[in-house]
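S.K.: Read off the chains here:
There are 2 protein chains.
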Amino acid sequence: MIEEKGILFVLSGPSGVGKGTVRKALFEQDTNLQYSISMTTRNIREGEKDGVDYFYRTHEEFKEMIDTNSLLEYAEYVGNFYGTPRQYVEEMIEAGHDVFLEIEVQGAMQVKKNFPQGVFVFLIPPSLEELKNRIQDRGTETEDLIASRLQEARKEIEMMEAYDYVVVNDSIDNAVQKVQAIVQSEHCKKERVAKQYNKALLEVEK
Amino acid sequence: MIEEKGILFVLSGPSGVGKGTVRKALFEQDTNLQYSISMTTRNIREGEKDGVDYFYRTHEEFKEMIDTNSLLEYAEYVGNFYGTPRQYVEEMIEAGHDVFLEIEVQGAMQVKKNFPQGVFVFLIPPSLEELKNRIQDRGTETEDLIASRLQEARKEIEMMEAYDYVVVNDSIDNAVQKVQAIVQSEHCKKERVAKQYNKALLEVEK
Numbered sequence: 462m463i464e465e466k467g468i469l470f471v472l473s474g475p476s477g478v479g480k481g482t483v484r485k486a487l488f489e490q491d492t493n494l495q496y497s498i499s500m501t502t503r504n505i506r507e508g509e510k511d512g513v514d515y516f517y518r519t520h521e522e523f524k525e526m527i528d529t530n531s532l533l534e535y536a537e538y539v540g541n542f543y544g545t546p547r548q549y550v551e552e553m554i555e556a557g558h559d560v561f562l563e564i565e566v567q568g569a570m571q572v573k574k575n576f577p578q579g580v581f582v583f584l585i586p587p588s589l590e591e592l593k594n595r596i597q598d599r600g601t602e603t604e605d606l607i608a609s610r611l612q613e614a615r616k617e618i619e620m621m622e623a624y625d626y627v628v629v630n631d632s633i634d635n636a637v638q639k640v641q642a643i644v645q646s647e648h649c650k651k652e653r654v655a656k657q658y659n660k661a662l663l664e665v666e667k
Numbered sequence: 462m463i464e465e466k467g468i469l470f471v472l473s474g475p476s477g478v479g480k481g482t483v484r485k486a487l488f489e490q491d492t493n494l495q496y497s498i499s500m501t502t503r504n505i506r507e508g509e510k511d512g513v514d515y516f517y518r519t520h521e522e523f524k525e526m527i528d529t530n531s532l533l534e535y536a537e538y539v540g541n542f543y544g545t546p547r548q549y550v551e552e553m554i555e556a557g558h559d560v561f562l563e564i565e566v567q568g569a570m571q572v573k574k575n576f577p578q579g580v581f582v583f584l585i586p587p588s589l590e591e592l593k594n595r596i597q598d599r600g601t602e603t604e605d606l607i608a609s610r611l612q613e614a615r616k617e618i619e620m621m622e623a624y625d626y627v628v629v630n631d632s633i634d635n636a637v638q639k640v641q642a643i644v645q646s647e648h649c650k651k652e653r654v655a656k657q658y659n660k661a662l663l664e665v666e667k
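If you read the sequences in order, they're chains A and B.
Using the working numbering, the first residue of the first sequence is number 462, and each one after it goes up by one.
Using the working numbering, the first residue of the second sequence is number 462, and each one after it goes up by one.
Keep in mind the hints are simulated off the structure, nothing from the lab.
Worth double-checking, as some hints may not be accurate.
Just so you know, same-sequence chains aren't split out, so a pair can sit in one copy or run between any two.
Simulated crosslink set (PhoX-like; lysine-lysine; CA at most 25 Å straight-line) [to be verified]: (1) LYS466 x LYS650; (2) LYS660 x LYS616; (3) LYS660 x LYS466; (4) LYS573 x LYS656; (5) LYS650 x LYS573; (6) LYS616 x LYS651.
Start from the sequences, fold in the hints, and give me the full structure.
M.R.: Written out as structure tokens, the structure is:
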């Protein structure tokens, strides 16, 4: 039987936007998503399991992963390395599972470079959404406040550019539902479906 | 206030696939979709209302619509013309409403030509989906049967090419849910969202 391949979904956004909360709520729901397990050099803690909470590696092993381009992204944090192993993601996708990665914007940009076929979702704060409404009220805010809000909004719009989708985090339920709609509709994309069928036809014709 | 523009969604597919049933079930649910009202030259029937069931026009008026390219598509059926008025669709979209059009494949291709910014969804019968599974069982079917199924599948795959999404009509509920996911995720597309915000920023800066 020809299995449909999985898709890598990357959820990112400005810090403090609520990426972790949305991810947690998403995984509490009925989902076929497979959460991407990170690799780390930090020590394993009581109750944790290798290959479940993290893949635990030594600094030497981690540096070799970096040198052989075996990570989709990595970062150093308080003396330890954290990263996303390419092989794990590729094996999951090959086996037909969607992989979900929740990550900071710098990490997302690394993944985008190393795995451009992923689907990139940018979570934005409702403040940006409200920018549209504030236009009506212009004149009621001080010029300084408007200027600083504009600068912030411009920065966030620039960050959006590298993403496929933008989801407003106006409520956790809304944001989760939109992410699920994106997952479902991505599987309906003509390119993906046609590819499967053409592959199926070729198999029959052999 | 800056209003988000609506989107034209076109549902089409091979005849007999169940487009009408899916459309009916979709509109029985809570939806913000506005069903596209057709224009026709046929007589108004008892209980029907102009501008609700159809826009009723004379043959002369309809032909002028054709000549002035005022229809997104049209077809003749048992001596009468039926078509989709461009102005109605454009006004709805401008006012922020999504418009939904369920139509035969020939009509969908006319709309695609006249309104390429629409989102085109192709409904396919589960038989094509099952093609993948049948591969496993090859040898259990006669060669003629396999050949005719292959030809049918090839024709449907060719038709798919012009569409953005492919939805398998394995059950009405599944198909409706996928169409709704497509509607929701299209509104999250970066291009649409970024455009809105950039427009909003420009307004503030004026």
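S.K.: How would you label the pair LYS650, LYS573 (within, between, both, or neither) given a Cα cut-off of 25 Å?
M.R.: both (20 Å within a copy, 17 Å between copies)
S.K.: Pop the pair LYS616 and LYS651 into one bin, within, between, both or neither, using alpha-carbon distances up to 25 Å.
M.R.: between (33 Å within a copy, 15 Å between copies)
S.K.: At 25 Å max between alpha carbons, let me know whether LYS660 reaches LYS616 within a copy, between copies, both or neither.
M.R.: Classified as between; 15 Å across copies, 43 Å inside a copy.
S.K.: Between copies, within a copy, both or neither: which fits LYS573 and LYS656 at Cα up to 25 Å?
M.R.: For LYS573 and LYS656, the Cα distance is within 25 Å both inside one copy (22 Å) and across copies (22 Å).
S.K.: For LYS660 and LYS466, with the copy left unspecified, which applies at a CA distance of at most 25 Å: within, between, both, or neither?
M.R.: within (12 Å within a copy, 38 Å between copies)
S.K.: At most 25 Å between CA atoms: does that hold for LYS466 and LYS650 within a copy, between copies, both, or neither?
M.R.: both (13 Å within a copy, 22 Å between copies)
Against the hints set out earlier in the document, no violation occurs for any number.
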